[in-house]
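Starting from the structure of chain A, add chains B and C where the hints point.
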Amino acid sequence: MAALPSLARIARSGVLPLCHWPAVRGRASWQLHSLLLTPCRAFSNNKILVELDESKGVATMKFRSPPVNSLSLDFLTEFCISLEKLENDRACRGVILTSDVPKIFSSGLDITEMCGKSTEHYAEFWRAVQEMWLRLYSSNMVTVAAVNGSSPAGGCLMALSCDYRIMVENPKFSIGLNEAQLGIVAPFWFKDTFVNVVGHRVAELSLQLGSLHPAPEAHRLGLVDELVPGEKLQEKAAAVMAQWLALPDHARQLTKSMMRKAVLDRLVAHREEDIKNFITFISKESIQKSLRMYMEMLKKKKG
Amino acid sequence: MAALPSLARIARSGVLPLCHWPAVRGRASWQLHSLLLTPCRAFSNNKILVELDESKGVATMKFRSPPVNSLSLDFLTEFCISLEKLENDRACRGVILTSDVPKIFSSGLDITEMCGKSTEHYAEFWRAVQEMWLRLYSSNMVTVAAVNGSSPAGGCLMALSCDYRIMVENPKFSIGLNEAQLGIVAPFWFKDTFVNVVGHRVAELSLQLGSLHPAPEAHRLGLVDELVPGEKLQEKAAAVMAQWLALPDHARQLTKSMMRKAVLDRLVAHREEDIKNFITFISKESIQKSLRMYMEMLKKKKG
Amino acid sequence: MAALPSLARIARSGVLPLCHWPAVRGRASWQLHSLLLTPCRAFSNNKILVELDESKGVATMKFRSPPVNSLSLDFLTEFCISLEKLENDRACRGVILTSDVPKIFSSGLDITEMCGKSTEHYAEFWRAVQEMWLRLYSSNMVTVAAVNGSSPAGGCLMALSCDYRIMVENPKFSIGLNEAQLGIVAPFWFKDTFVNVVGHRVAELSLQLGSLHPAPEAHRLGLVDELVPGEKLQEKAAAVMAQWLALPDHARQLTKSMMRKAVLDRLVAHREEDIKNFITFISKESIQKSLRMYMEMLKKKKG
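Residue numbers (our numbering), protein chains in the order written: chain A, -9 to 293; chain B, -9 to 293; chain C, -9 to 293.
If you are wondering where the hints come from, they were derived from the structure by calculation, not from laboratory data.
Where hints are given, some of them may not hold.
To be verified - Each pair of labels, with its calculated beta carbon distance range: (1) A/258 with B/286: 20 to 28 Å; (2) A/276 with B/81: 17 to 25 Å; (3) C/282 with A/161: 50 to 58 Å; (4) C/232 with B/276: 20 to 28 Å; (5) C/260 with A/258: 18 to 26 Å.
Stated by the list, open to error - Here are the simulated lysine-lysine pairs, BS3-like style, with alpha carbons at most 25 Å apart: (6) B/52 with B/75; (7) B/289 with B/107; (8) B/251 with A/274; (9) B/93 with B/290; (10) A/279 with A/46; (11) A/289 with A/93; (12) A/251 with B/251; (13) B/279 with B/291; (14) A/291 with A/162; (15) C/162 with C/291; (16) C/251 with B/274; (17) B/274 with B/289; (18) C/226 with C/46; (19) A/93 with A/290; (20) B/251 with C/251; (21) C/274 with A/251; (22) B/222 with B/93; (23) C/162 with C/226; (24) B/46 with B/226; (25) C/162 with C/46; (26) B/274 with A/266; (27) A/279 with A/93; (28) A/251 with C/266; (29) A/279 with A/107; (30) C/107 with C/279; (31) A/251 with C/107; (32) B/266 with C/251.
Glycine included, every Cβ here is placed at the ideal spot set by N, Cα and C.
If we strip away everything but chain A, and leave its shape as in the complex, we get (with noise of 0.2 Å):
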């Protein structure tokens, strides 16, 4: 329960709008493995494992949530409660994500919650999605997504909202924001996003298509930074982390609020309604029924 007063903490301050978060109560089990005293410390929780190398001030958080490591409600509320944490401690400046599951970052919203599900549970899984993107958009650290795998729709999401995305060179590895393939509408704030990293013009296209960019497209049309060979990715994440780290925490944390500040304030303003516009959207027969061929379709893939 440690976490609790800090996230209340964050929410009188006002830099995040009051995150009614039922889910951390009922839910996390998280649990401190380790807390050592020693420089590299490292804690888990079931789905994702974090740590943090103190002589560096740098953590690593790596997703490992089998087979795909979908962003389930547990998930979510998990990595929000860590990435707080690391938020809040002094000895930490950067974090990396990574994947712990071989071939896929992470394979985006988990649709199982989005299926048969009620209302209540579509709002409180709407609202865990909203409140990763604005921990990790407007986090003060420096943010590294070091991407080792697939990373469709709300996995290329989190990559979006890092700093800096470097991809595994693997041509069969894509990232993209491929809602409009499954029949459903990224977010506007997932667009946002996504026109502040490639443009407008690239976002629209890609978008419309629902395009899926294998790792050398993507960066081509700058939705990786750079690509590495899959042995050199870690080595090159800690070497771009060491560059960020090497400059003046507090220009650089207004630098980025900034920059981000207009998109982050249009979901803080619009968040109620954007809950209620998912719920009304997913709730349709036709939505639930194309989310259902899709999972019929994921499941025989699989056996």
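What follows is chains B and C alone, placed relative to chain A:
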């Protein structure tokens, strides 16, 4: 007159503001040349040939208003009626814009409509230009421009308003918003559309200089998406269209609307003001004089 | 004192807000060194040499405030007066900004103006920085930056505010908004100007890292439009200027205003607030300390 009720229906739907369209009643020599129930239907009026391939759900609008497909009030009226007809035809999901006149896609706004006419005429003409853009830029159909010739000013705007632009690779064909070359200014919504395609810097440079970009340069700047040899243009346009139509319509339409709404809303909110500005500007003796000189030059060139 | 009535006239016109410009009266050692009626006139004051070629309608402003053309209150005051004089001179349609000091275009804001001074001084200085940008970014003249040396921070802003940037291809010369390196933050209107040139993503990355880009990289990023060998710079600047001046002024000016108005209006609307923010920020002991350290470092480097 079949088009009128549906125009009214669209107006009532609130998607576009009520368009006062007196031109339709008095002017339209719109006729159905053939209306077959076989897969391929065609209809035409004076200036645009429309062919609908029902098996594919794709229409082609061929501009055939020699010598240069200039956007006269008649042309714009026919264009809006044809587009609206297709928009309301459930058999049609996509439209390809191309030219039936050699070497020119469209020369842009018809200068004779802007020279030595009454204030009422300027107002009617400008409303028709606005209407063309509002309908094309917000079309629910997939729109592909197959640019088989030069496309200055208003012709460029039509291409920019589509979802995808393919141009013949001939460097003698050029495209751009070259208004500044004529001593006039591209309206803000031309500019907004341009910025959405090529970004702020390229737009600023190109608009200030009134540049006409040869096809290879236009491609390099992102003003067109692809170049092909002339003989491959229609084939390529069909292939691109098929790729877009493989996606479910509804999500694609909502995505398109999300990307373009801010810019569309801006004209809708300032439409009457924009008409007044146009009338004030075009009525200036200095502007009339330079338009007359320009027309003289064009006549001599022909003669 | 000849400049004062026209400054007041501009203020009354409402194009720019009334500028309280006490500096002009007490400080300006502005003098006409020569005022000839032959095609080429020159005038200078302490820090900027202005040459006007009346036959071409082109002025050149040469910064000659050694050692590094830093933007002191005196420099900025002279710059604004010189620019305004040219703006009101019907014989002048374009201006080229360049440096008379080897290896440096301008080193940016003069740190001595921001260190250990009174609140009133900070306010006066910051208003002068704003005024420089408001006048240059909104200039009716064609403005070309001939960047013949390094150009960090405020020097980069001056280049970014021109219509076109040509830089000497020497990779030892660098340019960028490197404020974050000094622990300070580029103001929002520096950022807006930067985004208008290079787009949101490049700006975010460059501003967060406080990057100084060597000329070839600056060109690749679109921060400068062209690279030339040093000995070709003035020739190239003249050729670019001639190309721009071939266009009618009025349409070009309206187009430029249309592209830049939103960003200019934003500072005009928040000018006093921006001054207050600057004073609050710069008065912090932590900021003063890091500026003092930076100045010490510069002194040692010189010594």
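Going down the list of hints, with the structure as the test:
1. A hinted range of 20 to 28 Å is violated for the C-beta pair residue 258 of chain A and residue 286 of chain B, which are about 58 Å apart.
2. For the pair residue 276 of chain A and residue 81 of chain B, the supplied restraint of 17 to 25 Å holds, since their beta-carbon distance comes to about 21 Å.
3. At roughly 52 Å, the beta carbons of residue 282 of chain C and residue 161 of chain A sit within the given window of 50 to 58 Å.
4. Restraint check, residue 232 of chain C to residue 276 of chain B: a C-beta distance of roughly 24 Å satisfies the suggested window 20 to 28 Å.
5. Range check, residue 260 of chain C to residue 258 of chain A: about 20 Å between beta-carbon atoms, so the 18 to 26 Å window is met.
6. With a C-alpha separation of about 15 Å, the suggested pairing of residue 52 of chain B with residue 75 of chain B holds against the 25 Å cut-off.
7. For the hint linking residue 289 of chain B to residue 107 of chain B, the alpha-carbon distance of about 19 Å falls within 25 Å, and the restraint holds.
8. Only pairs whose Cα atoms come within 25 Å are accepted, and residue 251 of chain B paired with residue 274 of chain A is accepted, the gap being roughly 23 Å.
9. For the suggested pair residue 93 of chain B and residue 290 of chain B, the alpha carbons sit about 20 Å apart, so the restraint of at most 25 Å is met.
10. Only pairs whose Cα atoms come within 25 Å are accepted, and residue 279 of chain A paired with residue 46 of chain A is rejected, the gap being roughly 49 Å.
11. Only pairs whose Cα atoms come within 25 Å are accepted, and residue 289 of chain A paired with residue 93 of chain A is accepted, the gap being roughly 18 Å.
12. For the proposed pair residue 251 of chain A and residue 251 of chain B, the alpha carbon gap of about 21 Å is at most 25 Å, so the pair holds.
13. Simply put, residue 279 of chain B and residue 291 of chain B have alpha-carbon atoms about 18 Å apart, close enough for the 25 Å limit, and the pair holds.
14. Pair hint residue 291 of chain A plus residue 162 of chain A holds up; C-alpha atoms about 17 Å apart against a cutoff of 25 Å.
15. With a C-alpha separation of about 17 Å, the suggested pair residue 162 of chain C and residue 291 of chain C falls inside the 25 Å cut-off, and the hint holds.
16. A hinted pair counts as satisfied when its Cα atoms are at most 25 Å apart, and residue 251 of chain C with residue 274 of chain B qualifies at roughly 23 Å.
17. For the given pair, residue 274 of chain B sits about 23 Å from residue 289 of chain B by alpha-carbon distance, which is consistent with the 25 Å threshold.
18. For a cut-off of 25 Å, the pair hint linking residue 226 of chain C to residue 46 of chain C stands: about 15 Å separates their Cα positions.
19. A hinted pair counts as satisfied when its Cα atoms are at most 25 Å apart, and residue 93 of chain A with residue 290 of chain A qualifies at roughly 20 Å.
20. Restraint check for residue 251 of chain B and residue 251 of chain C: the C-alpha separation of about 21 Å stays at or below 25 Å, so the hint holds.
21. Note on residue 274 of chain C and residue 251 of chain A: the hinted pairing holds, with a Cα-Cα distance of about 23 Å set against a maximum of 25 Å.
22. Between the alpha carbons of residue 222 of chain B and residue 93 of chain B the distance comes to roughly 15 Å, so the proposed pair stays at or under 25 Å and holds.
23. For a cut-off of 25 Å, the pair hint linking residue 162 of chain C to residue 226 of chain C stands: about 20 Å separates their Cα positions.
24. For the proposed pair residue 46 of chain B and residue 226 of chain B, the alpha carbon gap of about 15 Å is at most 25 Å, so the pair holds.
25. With a CA separation close to 33 Å, the supplied pair residue 162 of chain C and residue 46 of chain C exceeds the 25 Å bound.
26. For a cut-off of 25 Å, the pair hint linking residue 274 of chain B to residue 266 of chain A is broken: about 51 Å separates their Cα positions.
27. Only pairs whose Cα atoms come within 25 Å are accepted, and residue 279 of chain A paired with residue 93 of chain A is rejected, the gap being roughly 29 Å.
28. For the hint pairing residue 251 of chain A with residue 266 of chain C, the CA-to-CA distance comes to about 20 Å; that is within 25 Å, so the pair holds.
29. Taken as a hint, the residue 279 of chain A and residue 107 of chain A pair is honoured in the structure, with Cα atoms around 13 Å apart against an allowance of 25 Å.
30. At roughly 13 Å between alpha-carbon atoms, residue 107 of chain C and residue 279 of chain C fall within 25 Å of each other, so this suggested pair holds.
31. Distance hint between residue 251 of chain A and residue 107 of chain C is unfulfilled; the C-alpha atoms sit about 32 Å from each other, more than 25 Å.
32. For the hint pairing residue 266 of chain B with residue 251 of chain C, the CA-to-CA distance comes to about 20 Å; that is within 25 Å, so the pair holds.
In terms of the numbered hints stated before, the structure departs from hints 1, 10, 25, 26, 27 and 31, listed from lowest to highest.
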